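Number of protein chains: 6
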Amino acid sequence: MEISARNKIKGIIRDIKPGVVMAKVTIEIPGGTLLSSVITRDSVDDLQLKPGDEVYAIIKSTEVMIGK
Amino acid sequence: MEISARNKIKGIIRDIKPGVVMAKVTIEIPGGTLLSSVITRDSVDDLQLKPGDEVYAIIKSTEVMIGK
Amino acid sequence: MEISARNKIKGIIRDIKPGVVMAKVTIEIPGGTLLSSVITRDSVDDLQLKPGDEVYAIIKSTEVMIGK
Amino acid sequence: MEISARNKIKGIIRDIKPGVVMAKVTIEIPGGTLLSSVITRDSVDDLQLKPGDEVYAIIKSTEVMIGK
Amino acid sequence: MEISARNKIKGIIRDIKPGVVMAKVTIEIPGGTLLSSVITRDSVDDLQLKPGDEVYAIIKSTEVMIGK
Amino acid sequence: MEISARNKIKGIIRDIKPGVVMAKVTIEIPGGTLLSSVITRDSVDDLQLKPGDEVYAIIKSTEVMIGK
Chain U
4 MEISARNKIK
14 GIIRDIKPGV
24 VMAKVTIEIP
34 GGTLLSSVIT
44 RDSVDDLQLK
54 PGDEVYAIIK
64 STEVMIGK
Chain G
4 MEISARNKIK
14 GIIRDIKPGV
24 VMAKVTIEIP
34 GGTLLSSVIT
44 RDSVDDLQLK
54 PGDEVYAIIK
64 STEVMIGK
Chain V
4 MEISARNKIK
14 GIIRDIKPGV
24 VMAKVTIEIP
34 GGTLLSSVIT
44 RDSVDDLQLK
54 PGDEVYAIIK
64 STEVMIGK
Chain R
4 MEISARNKIK
14 GIIRDIKPGV
24 VMAKVTIEIP
34 GGTLLSSVIT
44 RDSVDDLQLK
54 PGDEVYAIIK
64 STEVMIGK
Chain B
4 MEISARNKIK
14 GIIRDIKPGV
24 VMAKVTIEIP
34 GGTLLSSVIT
44 RDSVDDLQLK
54 PGDEVYAIIK
64 STEVMIGK
Chain X
4 MEISARNKIK
14 GIIRDIKPGV
24 VMAKVTIEIP
34 GGTLLSSVIT
44 RDSVDDLQLK
54 PGDEVYAIIK
64 STEVMIGK
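Residue numbers (my numbering), protein chains in the order written: chain U, 4 to 71; chain G, 4 to 71; chain V, 4 to 71; chain R, 4 to 71; chain B, 4 to 71; chain X, 4 to 71.
Same shape as in the complex, but just chain U (with noise of 0.2 Å):
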């Protein structure tokens, strides 16, 4: 299945950490960034997300702000 979120960037698991209902994710992409994610406990239970597993970090383009 293809998204209409135009933003997906591969990079690789580095730490979670959960929560009661939301848990967060570090992922380091490209160039060594580390991302965080915020997303709920289910999804990282169904989607069985652990360190060292490669995904994407996925963004709508509405969600990507600017800063100068």
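Everything labelled a hint here was simulated from the structure, so no lab data went into it.
Every value quoted in this text rests on a predicted model; they were computed, and no experiment measured them.
Be a bit skeptical, because a hint or two may be false.
If chains are identical, the list can't say which one is meant, so a pair holds when it fits in one copy or spans any two.
[Claimed, not checked] Keeping only pairs whose Cα atoms sit at most 25 Å apart, straight-line, the calculated PhoX-like set for lysine-lysine is:
| no. | residue 1 | residue 2 |
| --- | --- | --- |
| 1 | K71 | K53 |
| 2 | K71 | K11 |
| 3 | K71 | K20 |
| 4 | K11 | K53 |
| 5 | K53 | K20 |
Given chain U, work out where chains G, V, R, B and X should sit, using these hints.
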């Protein structure tokens, strides 16, 4: 001013396509990935954005989904 | 690819109204409800969306508000 | 009060899982689909949400992505 | 209908700039601050919004970032 | 750094309620309205937010809905 949005990726503006209310800004980040950002046309004008500018793509953690 | 966004509703595209940067896509879901989706015009083109297409409306949990 | 968010889907609350700050609410909509909604725990308390309640899932158009 | 979005700020519409799909609405709130709201043009039409209208700016808690 | 998000409302932090992953920050803005902001706990720590701090509530235009 520091902002709570946790993800800031340095990049260079490669293209700006203005609409009536919104505008699409294409940003090249390390690794050669092109990010698509849709912001208001007012912001493009106020920040005087133009191709070649060094900017930051700024994204809240809750807006980073994960695909696997 | 599986995505962390938890809500996927099957539907059929009934209308597409293109703007300059964004486009409005109307999707009929089970029960006859019409969903309104605003995505980039680029995505409409890339996914080659057209009326009659079977698609999924995909929504993150944090974007579903509740009214009572 | 009428709200600009264009998508309102009637449903019934089937489950509420409270966290510290956020809470996950599961809503059954026509066709039997279960929607996952993550709102603040404060809102669950203020709206006195509980399983069995008839509610509306409310979603802005710009938050409805499309998968094909 | 009560809605889970926790922030509701009373204000007066000072300007509406319609695009093809989206529209920008400028709202003056107490203290004289001008808020910029981008909603669908369909919503502007359906709510019959016009300058001078008393409205509420409604914002989900997860969309309020903090700068310091 | 200037940011594309168009709405910046000055206020004072009145309360912080930390969860495991997220935290709720209550901000008083001119006119006495209390805004509710949910950001990551990491951001609360990094920005060293505490009650009494003068901060800005920052909101993207596309996240400001209108109720009438």
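Results of checking the hints against the structure:
no.: 1; hint: K71 with K53; result: between (35 Å within a copy, 11 Å between copies)
no.: 2; hint: K71 with K11; result: both (23 Å within a copy, 11 Å between copies)
no.: 3; hint: K71 with K20; result: between (31 Å within a copy, 18 Å between copies)
no.: 4; hint: K11 with K53; result: both (19 Å within a copy, 23 Å between copies)
no.: 5; hint: K53 with K20; result: both (10 Å within a copy, 23 Å between copies)
Checked against the numbered hints given earlier, this structure breaks none of them.
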